[in-house]
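K.L.:
FYI, the numbering for the sequence shown is 5 to 261, going by my numbering.
Please keep in mind that the hints were generated in silico from the structure rather than gathered at the bench.
Just the calculated beta-carbon pair ranges, DEER-fashion:
(1) V173 with P211: 34 to 44 Å
(2) D190 with L169: 16 to 26 Å
(3) T156 with V6: 28 to 38 Å
(4) R206 with V173: 33 to 43 Å
Quick caveat: nothing in here was measured; it's all calculated off a predicted structure.
We treat Cβ as the ideally placed atom computed from N, Cα and C, and that holds for glycine.
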Amino acid sequence: MVLESFQVGEGEVPTVMLHGFLGTGRNLRSLAAAWSAADPSRRILLPDLTGHGTSPALPSNSDLYSMARDVVDTARARGFDGAFDWVGHSLGGRVTLAASLHVPEAVKSVSLLDIAPGPVPGDLSESGKVLGILLQAPARAENRRAMRAELTGRGLSEPLADWLLMNLVTEEGGVRWRFDRQALADLHSRVNDTDLWAAVERRDGPPMRCLRGGRSKYVSDADVARMVAAGCPVETAPEAGHFVHVDAQPAVLAWLR
Numbered sequence: 005m006v007l008e009s010f011q012v013g014e015g016e017v018p019t020v021m022l023h024g025f026l027g028t029g030r031n032l033r034s035l036a037a038a039w040s041a042a043d044p045s046r047r048i049l050l051p052d053l054t055g056h057g058t059s060p061a062l063p064s065n066s067d068l069y070s071m072a073r074d075v076v077d078t079a080r081a082r083g084f085d086g087a088f089d090w091v092g093h094s095l096g097g098r099v100t101l102a103a104s105l106h107v108p109e110a111v112k113s114v115s116l117l118d119i120a121p122g123p124v125p126g127d128l129s130e131s132g133k134v135l136g137i138l139l140q141a142p143a144r145a146e147n148r149r150a151m152r153a154e155l156t157g158r159g160l161s162e163p164l165a166d167w168l169l170m171n172l173v174t175e176e177g178g179v180r181w182r183f184d185r186q187a188l189a190d191l192h193s194r195v196n197d198t199d200l201w202a203a204v205e206r207r208d209g210p211p212m213r214c215l216r217g218g219r220s221k222y223v224s225d226a227d228v229a230r231m232v233a234a235g236c237p238v239e240t241a242p243e244a245g246h247f248v249h250v251d252a253q254p255a256v257l258a259w260l261r
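Taking the hints into account, I'd like the entire structure generated from these sequences.
P.N.:
Take a look at the structure:
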């Protein structure tokens, strides 16, 4: 499956950057642009993951491995040959780990942004809380302001509500969600339960590293110890939360370079 995507940079080093759950490739545009400006050798592809943004809908049997294959198919369709460097935030990081197991010929290196390889506990999943509110919201509303009120009225913060509203499309009579909310909810359960430690701990895998947010709970100290023992160094951006690329973009850029 070929996904919606766009490219930043015209260099010779193929790179894929993947967004998190409920996001789109646009979430990483600012970081990609800064990285390309600092390192013109990069050619960075930013797809909307399957079922996200304006990419095709999720098949009923979608999982991290099928999503990784879709990313590779998209990169090949855009002329990305050989193996590429992968950078993934949250869900995007888990897709990246799955790619290293399922399509290793396409993975040169792995850079994880605030995500660990193990199953994500339900009480730690910020995306799960957002998803719960999203599922309670109406399928349609008169306008964006009305849908925003529906989200904030259910307890979602204004910044998160505005981020979700990027997934609305305007049609006659109002606005509706672009994505299939129930399909995403089903996917969320499957991908969070997947154990990907094999990707990090196998001896013949590509080089891996992780940058975690100091205010985030997604990568625990125990995760750090196990990742480092497996040869995957972990650094911390002390003031950043889960959206480390937003909270600490200069630190993320320096780490990527």
